[in-house]
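Chains X and U supply the protein sequences, listed in that same order. Following our numbering, the numbering of the first sequence begins with 1 at its first residue and continues without gaps. Following our numbering, the numbering of the second sequence begins with 1 at its first residue and continues without gaps.
Hints listed in this document are in silico derivations from the structure and should not be mistaken for laboratory results. Heads up, the beta-carbon is just placed ideally off N, CA and C, and yes, glycines get one too. Some hints here could point you the wrong way.
Derived lysine-lysine pairs resembling DSS-like cross-links, with alpha carbons at most 27 Å apart [as the list claims (entries may be wrong)]:
#, chain 1, residue 1, chain 2, residue 2
1, U, 89, U, 72
2, X, 89, U, 204
3, X, 55, X, 89
4, U, 72, X, 204
5, U, 55, U, 72
6, X, 55, U, 55
7, X, 204, U, 89
8, X, 55, X, 72
9, U, 204, X, 204
10, U, 55, U, 89
11, U, 204, X, 72
12, X, 72, X, 89
Restraint-style ranges between C-beta atoms, simulated for each label pair [as the list claims (entries may be wrong)]:
#, chain 1, residue 1, chain 2, residue 2, range
13, X, 204, U, 145, 34 to 40 Å
14, U, 137, X, 197, 47 to 53 Å
15, X, 159, U, 133, 51 to 57 Å
16, X, 130, U, 120, 51 to 57 Å
Computed footprint of chain U on chain X; a stretch qualifies when at least three of its residues, placed anywhere within it, have a C-beta under 8 Å from a C-beta of chain U [what the hints assert, rightly or not]:
#, stretch
17, 40-46
18, 85-92
19, 171-180
20, 190-200
21, 210-218
Number of protein chains: 2
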Amino acid sequence: MPVKAVVFDAYGTLYDPQSVATVTDRAYPGYGEMITQVWRIKQLEYTWLRSLMQKYEDFESITSASLRYTLKLLGLPLIDSVFTSILEKYRWLDPYPEAHDALEGLAGHDLAILSNGSPNMLNELVRNTGFDRQINHVISVDPMRIYKPSPLAYALIETRLGVQPSEVMFVSSNPFDACGAKAFGLKVAWIDRVPSDAMVEACKRSDRIAPVTMFRAVRQQMDELGFDPDHRISSLTGLADLLQSELLG
Amino acid sequence: MPVKAVVFDAYGTLYDPQSVATVTDRAYPGYGEMITQVWRIKQLEYTWLRSLMQKYEDFESITSASLRYTLKLLGLPLIDSVFTSILEKYRWLDPYPEAHDALEGLAGHDLAILSNGSPNMLNELVRNTGFDRQINHVISVDPMRIYKPSPLAYALIETRLGVQPSEVMFVSSNPFDACGAKAFGLKVAWIDRVPSDAMVEACKRSDRIAPVTMFRAVRQQMDELGFDPDHRISSLTGLADLLQSELLG
Chain X
1 MPVKAVVFDA YGTLYDPQSV ATVTDRAYPG YGEMITQVWR IKQLEYTWLR
51 SLMQKYEDFE SITSASLRYT LKLLGLPLID SVFTSILEKY RWLDPYPEAH
101 DALEGLAGHD LAILSNGSPN MLNELVRNTG FDRQINHVIS VDPMRIYKPS
151 PLAYALIETR LGVQPSEVMF VSSNPFDACG AKAFGLKVAW IDRVPSDAMV
201 EACKRSDRIA PVTMFRAVRQ QMDELGFDPD HRISSLTGLA DLLQSELLG
Chain U
1 MPVKAVVFDA YGTLYDPQSV ATVTDRAYPG YGEMITQVWR IKQLEYTWLR
51 SLMQKYEDFE SITSASLRYT LKLLGLPLID SVFTSILEKY RWLDPYPEAH
101 DALEGLAGHD LAILSNGSPN MLNELVRNTG FDRQINHVIS VDPMRIYKPS
151 PLAYALIETR LGVQPSEVMF VSSNPFDACG AKAFGLKVAW IDRVPSDAMV
201 EACKRSDRIA PVTMFRAVRQ QMDELGFDPD HRISSLTGLA DLLQSELLG
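Just chain X, same shape as in the assembly (with noise of 0.2 Å):
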């Protein structure tokens, strides 16, 4: 089947949650790193766990929930101005260096974002970022009330654009993300940011080991699901070539 929509995971795809990195090291000097590492960490574990409890709430509320979370675990105080400037950068988070123009080098097809993100959020981030010029549609997958890897997020793609699960090319460098998409039925290019043998080598004979080592340890490197995707490229630099091939297939 040719593809008719190339659609993308917004954080960690397009934009870098890494990036939030200078505003919680200028909030709290010395525990940026952790703050950064194990606020991402919780905010998707608790996607997942909401979803799982039916008791979802939205993509803004879980994000401040887990920065709370993680704040209450450092003993830091929690200022509600500082609070508030931190959650802010959700709103201006960096694109990672080579997106625009692997968007640009896309234009002709139809692009799509399908996120977590709470609808306010992402179309603040995409307009904020410029994106919303190559981007035809952004999704979230509020109106589900349950997040991604649920088959039910992935279906508002064929709602939504109305094009059938084998005709979308579903980019995502979070590897449940791609599992899930996979499993689902979507075509997958997994964007594959931490290639293993920097992943062994950080990893080496190590009693105390990097809070961002630990992130990439288990959420960065390619899921035992039994649900592998069908590309797995080193950034979104080779999208378009990955496409082309797959028209001449």
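Could you slot chain U onto chain X? The hints should help.
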């Protein structure tokens, strides 16, 4: 409502998953600590992800897949006989030091386990540790083909024991499990094995931390999910007094 049944989580509550450390370090000297922590983190993640993907596999399969993920991450060879011997430890996990006496102290109560564990591995563990003499019912989530904290998992208590949720004291040291049980409507006692001040101290100004600290940081502090447990005690030993005070309530 009086407490008619005391229901325990197994892994992390009665049995110490950290006790795999002896076998992981023997199998892969110098890597035992990383294997132990990453394995446990991914094991729980896979229960949530597979539940949400509607792609259930039993806990034995998930325990095996998460160990496979961990060895691959660390670039360690998977040798069948070694792999099997590590997994085998899940049938012989060490009970927490106080578990046996605490259960003895609850004689007269109807005691049960509700666990993610698949029936075989769970029944063997309970028998191997002699806890089948104190525990009257061993309930696995397996027939529901979904994991905690799904309400379908907690609903098995009423189905199997014939007691109302409000008549159950559910005991878990896993924050997600305590919150899930509370959201479902059980009375909940959370075993807080890692005091928050110790946690704050361990995470202080740390650009590098021990993997076990990272595990505790993300999985052993009370979650910000809005479903706080009714009781917080530091070990299973406090249960007898707590049940007494509930009775006098």
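Check the hint pairing residue 72 (chain U) with residue 204 (chain X) against an upper bound of 27 Å on the C-alpha distance. holds (13 Å)
Mind checking the hinted window 51 to 57 Å against the Cβ distance between residue 130 (chain X) and residue 120 (chain U)? holds (56 Å)
Given as covered by chain U, does the stretch 190-200 of chain X meet the bar of three residues or more with CB within less than 8 Å? That given contact holds, which follows from 4 residues of the stretch 190-200 of chain X lying within Cβ reach (below 8 Å) of chain U.
Do at least three Cβ atoms from the stretch 210-218 of chain X come closer than 8 Å to Cβ atoms of chain U? holds (count 5)
Residue 204 (chain U) and residue 72 (chain X) were given as a pair; does the straight-line alpha-carbon distance stay at or below 27 Å? holds (13 Å)
Under the criterion that the straight-line Cα-Cα distance not exceed 27 Å, is the pair residue 89 (chain U), residue 72 (chain U) satisfied? Given that 27 Å is the threshold and the Cα spacing comes to 20 Å, the pair holds.
Quickly compare the C-alpha distance for residue 55 (chain X) and residue 72 (chain X) to 27 Å and report which way the hint goes. Status holds; Cα separation ~22 Å.
Under a C-beta cut-off of less than 8 Å, do 3 or more residues of the stretch 85-92 of chain X approach chain U closely enough to confirm the stated coverage? Answer violated; 0 residues pass the 8 Å Cβ test.
CB of residue 137 (chain U) to CB of residue 197 (chain X), is that within 47 to 53 Å? Holds - the Cβ-Cβ distance for residue 137 (chain U) and residue 197 (chain X), about 49 Å, lies within 47 to 53 Å.
Given the hinted pair residue 204 (chain X) and residue 89 (chain U), is their alpha-carbon gap at most 27 Å? holds (24 Å)
CA of residue 55 (chain X) to CA of residue 89 (chain X), is that 27 Å or under? holds (26 Å)
Residue 159 (chain X) paired with residue 133 (chain U), Cβ distance criterion 51 to 57 Å: holds (55 Å)
Of the numbered hints listed earlier, the single one contradicted by the structure is hint 18.
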